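Undergrad: Protein sequences, first through last, are from chains A and B.
Just so you know, we're using UniProt numbering here: the first sequence kicks off at 1 and counts up by one.
Just so you know, we're using UniProt numbering here: the second sequence kicks off at 1 and counts up by one.
It is possible that some hints are incorrect.
What the hints assert, rightly or not - Cross-link-like lysine-lysine pairs, in silico, DSS-like; alpha carbons within 27 Å at most:
1) B:Lys31 to A:Lys167
2) B:Lys31 to A:Lys174
3) A:Lys167 to A:Lys267
4) A:Lys48 to A:Lys316
5) A:Lys267 to A:Lys137
6) B:Lys51 to A:Lys174
7) A:Lys167 to A:Lys276
8) A:Lys267 to A:Lys48
9) B:Lys51 to A:Lys167
10) A:Lys137 to A:Lys337
11) A:Lys316 to A:Lys344
12) A:Lys48 to A:Lys337
13) A:Lys276 to B:Lys31
14) B:Lys31 to B:Lys51
15) A:Lys344 to A:Lys48
Unchecked claim - For each label pair, taking beta carbons as the anchor points, the in silico distance ranges come out as:
16) A:Asp135 to B:Glu286: 35 to 45 Å
17) A:Gly125 to B:Thr10: 52 to 62 Å
18) A:Ser360 to B:Glu286: 22 to 32 Å
Keep in mind that the hints were calculated from the coordinates and are not lab data.
It should be emphasised that the depicted structure is a prediction, and the values quoted were computed from it without experimental measurement.
Using N, Cα and C, we set each Cβ at its ideal position, and we do this for glycine too.
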Amino acid sequence: MSQTQQLDVDMVDPEPIRFLDVDGRYAPSSSASAFADELEGVGLDEFKQWYRAMFFTRAFDTEATHLQRQGQLALWAPSVGQEGCQVGLAHAAEPQDHLFPAYREHTVAHVRGVDFVSVAMLFRGFTHGGWDVTDPKSGNFHLYTLVLGSQSHHASGYALGQVLDAKRREGNTKLDPGEAGTETGEASMVFYGDGTSSQGDTSEAMVFAASYQTPTVFVVQNNQWAISVPVERQSRTPLYRRALGFGIRSVQIDGNDPLAAYAVGRKFLRLAREGKGPGYIEALTYRIGAHTTSDDPTRYRQQEELEEWQQRDPIKRLEAYLREQGVDDAYFDEVAKAADQEAKRVRDAVLAEPAPDADSMFAHVYSEEHPRIEEQRQWLDHYEASFETAEADGGAK
Amino acid sequence: MTVTTLQERTVLPMAKAINEGLRAAMAADDKVLLMGEDIGPLGGVFRVTDKLQADFGSARVLDTPLAESGIIGNAIGLALRGYRPVIEIQFDGFIFPGFNQIVAHLAKITNRHEGAISMPVVIRVPYGGHIGAVEHHQESPEAYFAHTPGLRVVAPSTPNDAYWMIQQAIQSNDPVLFFEPKAKYWMKGEVDPAAPAADLHQTRVARTGTDCTVVAYGAMVTMALQAAEVAESEGTSLEVVDLRSVSPIHYEPLLESVRKTGRLVVAQEASGNASVGSEIAAYVAEHAFYSLEAPVLRVSGYDVPFPPARLEGYFLPDADRILEAVDRTMHY
Numbered sequence: 001m002s003q004t005q006q007l008d009v010d011m012v013d014p015e016p017i018r019f020l021d022v023d024g025r026y027a028p029s030s031s032a033s034a035f036a037d038e039l040e041g042v043g044l045d046e047f048k049q050w051y052r053a054m055f056f057t058r059a060f061d062t063e064a065t066h067l068q069r070q071g072q073l074a075l076w077a078p079s080v081g082q083e084g085c086q087v088g089l090a091h092a093a094e095p096q097d098h099l100f101p102a103y104r105e106h107t108v109a110h111v112r113g114v115d116f117v118s119v120a121m122l123f124r125g126f127t128h129g130g131w132d133v134t135d136p137k138s139g140n141f142h143l144y145t146l147v148l149g150s151q152s153h154h155a156s157g158y159a160l161g162q163v164l165d166a167k168r169r170e171g172n173t174k175l176d177p178g179e180a181g182t183e184t185g186e187a188s189m190v191f192y193g194d195g196t197s198s199q200g201d202t203s204e205a206m207v208f209a210a211s212y213q214t215p216t217v218f219v220v221q222n223n224q225w226a227i228s229v230p231v232e233r234q235s236r237t238p239l240y241r242r243a244l245g246f247g248i249r250s251v252q253i254d255g256n257d258p259l260a261a262y263a264v265g266r267k268f269l270r271l272a273r274e275g276k277g278p279g280y281i282e283a284l285t286y287r288i289g290a291h292t293t294s295d296d297p298t299r300y301r302q303q304e305e306l307e308e309w310q311q312r313d314p315i316k317r318l319e320a321y322l323r324e325q326g327v328d329d330a331y332f333d334e335v336a337k338a339a340d341q342e343a344k345r346v347r348d349a350v351l352a353e354p355a356p357d358a359d360s361m362f363a364h365v366y367s368e369e370h371p372r373i374e375e376q377r378q379w380l381d382h383y384e385a386s387f388e389t390a391e392a393d394g395g396a397k
Numbered sequence: 001m002t003v004t005t006l007q008e009r010t011v012l013p014m015a016k017a018i019n020e021g022l023r024a025a026m027a028a029d030d031k032v033l034l035m036g037e038d039i040g041p042l043g044g045v046f047r048v049t050d051k052l053q054a055d056f057g058s059a060r061v062l063d064t065p066l067a068e069s070g071i072i073g074n075a076i077g078l079a080l081r082g083y084r085p086v087i088e089i090q091f092d093g094f095i096f097p098g099f100n101q102i103v104a105h106l107a108k109i110t111n112r113h114e115g116a117i118s119m120p121v122v123i124r125v126p127y128g129g130h131i132g133a134v135e136h137h138q139e140s141p142e143a144y145f146a147h148t149p150g151l152r153v154v155a156p157s158t159p160n161d162a163y164w165m166i167q168q169a170i171q172s173n174d175p176v177l178f179f180e181p182k183a184k185y186w187m188k189g190e191v192d193p194a195a196p197a198a199d200l201h202q203t204r205v206a207r208t209g210t211d212c213t214v215v216a217y218g219a220m221v222t223m224a225l226q227a228a229e230v231a232e233s234e235g236t237s238l239e240v241v242d243l244r245s246v247s248p249i250h251y252e253p254l255l256e257s258v259r260k261t262g263r264l265v266v267a268q269e270a271s272g273n274a275s276v277g278s279e280i281a282a283y284v285a286e287h288a289f290y291s292l293e294a295p296v297l298r299v300s301g302y303d304v305p306f307p308p309a310r311l312e313g314y315f316l317p318d319a320d321r322i323l324e325a326v327d328r329t330m331h332y
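Taking the hints into account, I'd like the entire structure generated from these sequences.
TA: And the structure:
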């Protein structure tokens, strides 16, 4: 499956970084050796944990799709097929790192501690982001961003703050062009897709990250389609090559191999924290389902293409690997059962949540007092109360 | 770090007054940092940030890549991290590449986070005409931002206000669009670092009068005061109200003035359609209808793109156009 057309120049792309082949056998690609050390100390317990997170997310995804079909969610954006790179990258991050998602990073959200219920409430129309990013339980996982690519600036700006904090600690007042990066001990990671790579903000963010040598890792989940438009409409070169032009280290990985995502994420994040500048990871993956529940991929995608990618399903692949390592049915049965229970818990919690108060609409528009907002809040209170009075009067007649 | 800040009453041009205000805010809080194009060694194209990088270092006064969306988006990231970034947009017409970051994110992040995160970002925008510049360098885009919930929009009209309001804007936990009337950058006035400043969003009565109220902000306040001088010589007493803040607008003194004079003229450089002046006219009609002796009149730029500089004299309202409106309302 050729992802892009090659240009008539002498540049050969290395094989994408991969540790597990499509059948789940440990078979590193030639480009993977530079990252193999990163997997040292990662054992069966970790792989099982990753598998569980992927499986749970898929069960949640399926439940959310059902909820949308039943009219309980306004919209749903499934992540089915993309759990592999997400689980690897989420585990590659340290607790102090900050993660900036687009809107399909359900596995990352789950691994960082965000409750699926909070994710669903955004799509239910109850919140604009139902988790508190300042609560450590949310794992420094920022709110979903629907304006494509704009979060890449928030991630580079946040990372610039990480740099400035480190400089303040050292009493260093200089941030000059050409100077080496600053060791920060923490990093930021931003997620977006192949379609978003066309947005100017993603290019500008690379300019800022490279210029200030911020500890930012850009993650592009190239799922081959921007709603109905193939990646070929977004780029004539493999996307990772763009970052090289900004002076940012960049590689392409098999995005359905969680081991590759973990190893590369681990290394790039560490280099970033050490002050060695930003990184860029293009994860080749596939969005198995629709873009959102409003989309109909049968109008623009070939069945054969879908089936080919279904063969490379990250969950199946890791399952095969785990089975080869001797993990038996009992484990998989337990995960499936627990995932079902989790999906049911989410469903019940989503449906049980009372709708937000009308007052909440006014509550946080500003951090400080604002006369017009207060005036309008009071007006609405009064207006709503007038119906109750009218009802009470009607009842008395 | 020892930085000298303004200690006593001094006469300063507005650009220097803002510079002193920035210096005081940076000395008071080391989380305040400046970002923008050419604001370092050059001190900005209007020299408003003159010598600040020398005083505070390149990690506090950041010369950025030339990308407005990037400057504003990165400032949002810095604010998420606990900094208080003050951005310079080089000219009014160049704010639009950053519009998405301002209206889609900066304005909404506090709300989206249900109050857990505030966005103390200030965006300084040299705005308005009267300098004979080429296109995209003389615009008045304030209504776009006044229309957006979550933003605050202010415009000083005197050096003393500029000195104080920039510091108040930086202290605000909400995002503030700080419109600097570039025609007034070189206007001198007394700046008093000791006198207590009015609240950032408090209207100022710049001149008292009895026959008609003229409300303005930014550079138009000067035109309104000139008009009042002329009107007085002709026997008409104008009260001039300087809004200082165009979002939120502090209406009480304005309504009080209208109740006294019974007449209102709104003066602004921006095009009239769906503008700050339109909002004032509607609000005053809604709240002081029975006090009005005549319809509220708007004196504004025309609903055309800002014209080539040789035509700006026709486009920009001046004291004569304000007086023409005053005549109409007086003879209604």
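Undergrad: Decide, hint by hint, whether the structure agrees.
TA: These are the hints, each one checked on the structure:
1. Simply put, B:Lys31 and A:Lys167 have alpha-carbon atoms about 12 Å apart, close enough for the 27 Å limit, and the pair holds.
2. The straight-line distance between the Cα atoms of B:Lys31 and A:Lys174 is roughly 15 Å, inside the 27 Å bound, and the hint therefore holds.
3. As the CA atoms of A:Lys167 and A:Lys267 are separated by approximately 23 Å, the hinted pair is consistent with the 27 Å bound.
4. With a CA separation close to 13 Å, the supplied pair A:Lys48 and A:Lys316 stays within the 27 Å bound.
5. Pair hint A:Lys267 plus A:Lys137 holds up; C-alpha atoms about 25 Å apart against a cutoff of 27 Å.
6. Note on B:Lys51 and A:Lys174: the hinted pairing holds, with a Cα-Cα distance of about 15 Å set against a maximum of 27 Å.
7. Of the pairs offered as hints, the one joining A:Lys167 and A:Lys276 holds, with about 15 Å between alpha carbons and a cut-off of 27 Å not exceeded.
8. Restraint check for A:Lys267 and A:Lys48: satisfied, since their Cα atoms lie roughly 22 Å apart, inside the 27 Å limit.
9. A C-alpha spacing of about 21 Å is found between B:Lys51 and A:Lys167, which places the hinted pair at or below 27 Å, so the restraint holds.
10. For a cut-off of 27 Å, the pair hint linking A:Lys137 to A:Lys337 stands: about 25 Å separates their Cα positions.
11. Between A:Lys316 and A:Lys344 the alpha-carbon distance is near 23 Å, which keeps this suggested pair within the 27 Å criterion.
12. Only pairs whose Cα atoms come within 27 Å are accepted, and A:Lys48 paired with A:Lys337 is accepted, the gap being roughly 15 Å.
13. Between A:Lys276 and B:Lys31 the CA atoms are separated by roughly 25 Å; this keeps the pair inside 27 Å, and the hint holds.
14. Only pairs whose Cα atoms come within 27 Å are accepted, and B:Lys31 paired with B:Lys51 is accepted, the gap being roughly 19 Å.
15. Under the criterion of a C-alpha separation no larger than 27 Å, the hint pairing A:Lys344 with A:Lys48 is consistent with the structure, at around 22 Å.
16. Between A:Asp135 and B:Glu286 the beta carbons are some 43 Å apart, a value that agrees with the proposed interval 35 to 45 Å.
17. In this structure, A:Gly125 and B:Thr10 meet the distance hint of 52 to 62 Å, their C-beta atoms being roughly 55 Å apart.
18. Here the CB-CB span from A:Ser360 to B:Glu286 is close to 27 Å, well matched to the stated 22 to 32 Å.
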